[in-house]
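Enquirer: Sequence:
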Amino acid sequence: MQADVVDKHPTPTYYSSIMASERIQRRIDSLLDEADQAIANEDWTTGASRARAVLWLDSETSDALAHLAAAERDTGSSQPAQASPF
33 MQADVVDKHP TPTYYSSIMA SERIQRRIDS LLDEADQAIA NEDWTTGASR ARAVLWLDSE
93 TSDALAHLAA AERDTGSSQP AQASPF
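Each residue of the sequence shown is one higher than the one before, starting from 33 at the first, in this note's numbering.
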């Protein structure tokens, strides 16, 4: 009589929703750090670019909206800061 083999250690799933969520959050944090540094250096173009990248990942990130608004105010951009259309 053969016993059923049970895999007690399933193959890890590297792209689970939790892992992806943590990965995205790390990327958001990194982009916000880059936006902070760029704005501190008065590099408004880079600051706005990093803030927009954050908004593509999470359109409700208030820090990114604030960074983008600050960068656009300083560069005289005529478009107000907005979340991505997603």
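Hints were generated in silico from the structure; no laboratory data involved. None of the values given here were measured: they were computed from a predicted structure. C-beta atoms are modelled at their ideal positions from N, C-alpha and C, and glycine is treated no differently. Treat the hints with caution; some may be incorrect.
Stated by the list, open to error - Ranges of calculated distance between the beta carbons of each label pair, as one might list FRET restraints:
{"id": "1", "residue 1": "Ser94", "residue 2": "Gln69", "range": "15 to 25 Å"}
{"id": "2", "residue 1": "Thr107", "residue 2": "Ser53", "range": "31 to 41 Å"}
{"id": "3", "residue 1": "Ala72", "residue 2": "Ser94", "range": "26 to 36 Å"}
{"id": "4", "residue 1": "Gln69", "residue 2": "Arg105", "range": "11 to 21 Å"}
{"id": "5", "residue 1": "Glu54", "residue 2": "Arg105", "range": "24 to 34 Å"}
{"id": "6", "residue 1": "Ser53", "residue 2": "Arg105", "range": "28 to 38 Å"}
Enquirer: With reference to the structure, classify each hint as holding or not holding.
Expert: Hint by hint, here is what the structure shows:
Distance hint check for Ser94 and Gln69: the Cβ-Cβ separation is about 19 Å, which falls inside the suggested range of 15 to 25 Å. Under the hint 31 to 41 Å, the C-beta atoms of Thr107 and Ser53, about 33 Å apart, fit the expected range. For the hinted restraint 26 to 36 Å between Ala72 and Ser94, the CB-CB distance of approximately 19 Å leaves it violated. Remark: the range hint 11 to 21 Å for Gln69 to Arg105 is upheld by a beta-carbon distance near 18 Å.
Taking 24 to 34 Å as the suggested C-beta distance range, the pair Glu54 and Arg105 conforms, at roughly 33 Å. Range check, Ser53 to Arg105: about 32 Å between beta-carbon atoms, so the 28 to 38 Å window is met.
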